[in-house]
Amino acid sequence: MKYVDEFRDPVLAKSLVREINELVEAIEFTRQRPIQIMEFCGGHTHTIFRYGIEQLLPKCIELVHGPGCPVCVLPMGRVDDCVSLAQRPEVIMTTFGDAMRVPGSKKSLLQAKADGADVRMVYSPLDALRLAHQNKNREVIFFALGFETTMPSTALTVLQAEADGVDNFSLFCNHITTVPIMNALLETPGMQLDGFVAPGHVSMVVGEKPFHFVAEKYKKPIVITGFEPLDILQSIWLVIKQIAEQRAEVENQYARVVASSGNLPALEAMDRVFELREFFEWRGLGTIEHSGIKIQNDYARFDAERKFPVPNVKIADPKSCQCGDVLKGVIKPWQCKVFAGSCTPETPMGALMVSSEGACAAYYNFGSLPELMALKLARQNQEALP
Amino acid sequence: MCLGIPGQIIEIVDQEKNLAKVAISGIKREVNITCIVDEDHPVDSCVGEWVLIHVGFAMSRIDEDEAKKTLELLHELGEAQSELDSMAREPVL
Ligand code: SF4
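Here the protein sequences line up with chains H and F, keeping their order.
Under this note's numbering, the first residue of the first sequence is numbered 1, with each subsequent residue one higher.
Under this note's numbering, the first residue of the second sequence is numbered 1, with each subsequent residue one higher.
A portion of the hints provided could be inaccurate.
Some chain F residues judged to face chain H by a derived CB distance under 10 Å, without partners named [said to hold, decoys possible]:
#1 36
#2 57
#3 73
Just so you know, the hints here were simulated from the structure itself, not pulled from any lab data.
All figures in this text were calculated on a predicted structure; none of them were measured in a lab.
For every residue, glycine included, the Cβ atom is placed at its ideal position computed from N, Cα and C.
Generate the whole structure from the sequences, applying the supplied hints.
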């Protein structure tokens, strides 16, 4: 247990690890196959790697790193569309720092900026709105992305723009919603997930109810979880306990932040401004029904896709990219052919290398050395073959 | 973007627009507090409270202890600094 002393309460961490070990002993199926638990959220992935949580767990527990990093799952075509909007002379494109680096098929927003497009990094959509006030003769577009955690902020910004009577502000809306993607993962043939560590801050907005289907329809345990390493360890223990006791429920480990009914003012604002898209494309995962969010008709004048022609580019992911398989838990990041070779955080080929919350970048930065060494050796051996 | 950062509300800037000033590790910033006000928690009552802030919006009330722990975690993950830098930055680069 090389990392346990770093936990804020090492004694509790040790006892959780001990109890997890005892519980898995009693779970019959671990003799045939490992227990797979998916942490959905990229924030959790980051913590898991930083604290080496996987190494603390018994070998028969595998953590599958889910698609909950919004910049990672953004398809290249959407980045291309955004670049095309950004290149319009009247447009000031604004977005979060992370989103600037996502590769499109030709360039990222950062490269578009270097080539002369007016792209600005903002901390909040409210800053973008402020820019619109300050630049009346320009159109300020906010490249909105993220799951339910960031959706309230864009919805409330649109409502504020309406109240302010601003007509040179719009969203290029790429919000995505958690439940349909979980559903799609659970429906994937061959997928063998046994339980979920559910995203804490998405839940803070949506509450517990949207996750009930995981327990009720798919009979999988799901635990809403905070971001401390101890939170994650405790949730894994709760998931394992449910499996051992053959229960499947929604439990809330993060009740200190997540109210069971979610955040009502946030939900109300989202409900007013947004509606579901029929389909939305995910990088590495394909097109998923009702998984994307667009702006309601009532607020069409704040929708960049209706204000301007958008090329609507469709680009297949490069063949050598295996982001989809990593997201589904079919392979580990280091098993991807281009991992650490042509795909690194400095030169990401796939989306999972872009942000520190992506599974591949997390592995690259914090992955256990033995695995990486083994990988290197295997590659060398392969190359040595005639 | 998804982890948020804790801050303490130090003053109300605009009652009508639900804008408040928060202090976050020495940085002061305006945030929107719509999501944490309701009948039981009117705007005025928020001064002094600790909140979790996501991209300029206070999303949840937290206690001071939780705020401290979260901030430590963000520092350990190496995310606090970039978050603070982007908060401090004016959007006019
Ligand atoms: S190494 Fe790169 S291409 Fe391969 S799965 Fe990871 S991000 Fe995708």
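Hint check results:
For the restraint placing residue 36 of chain F at the interface with chain H, the shortest Cβ-Cβ distance is roughly 8 Å, inside the 10 Å limit, so the hint holds. The criterion of a C-beta within 10 Å of any C-beta in chain H is met by residue 57 of chain F, whose closest approach is roughly 5 Å, and the hint holds. For residue 73 of chain F, the shortest C-beta to C-beta distance to chain H is roughly 6 Å, which falls under 10 Å, so the interface hint holds.
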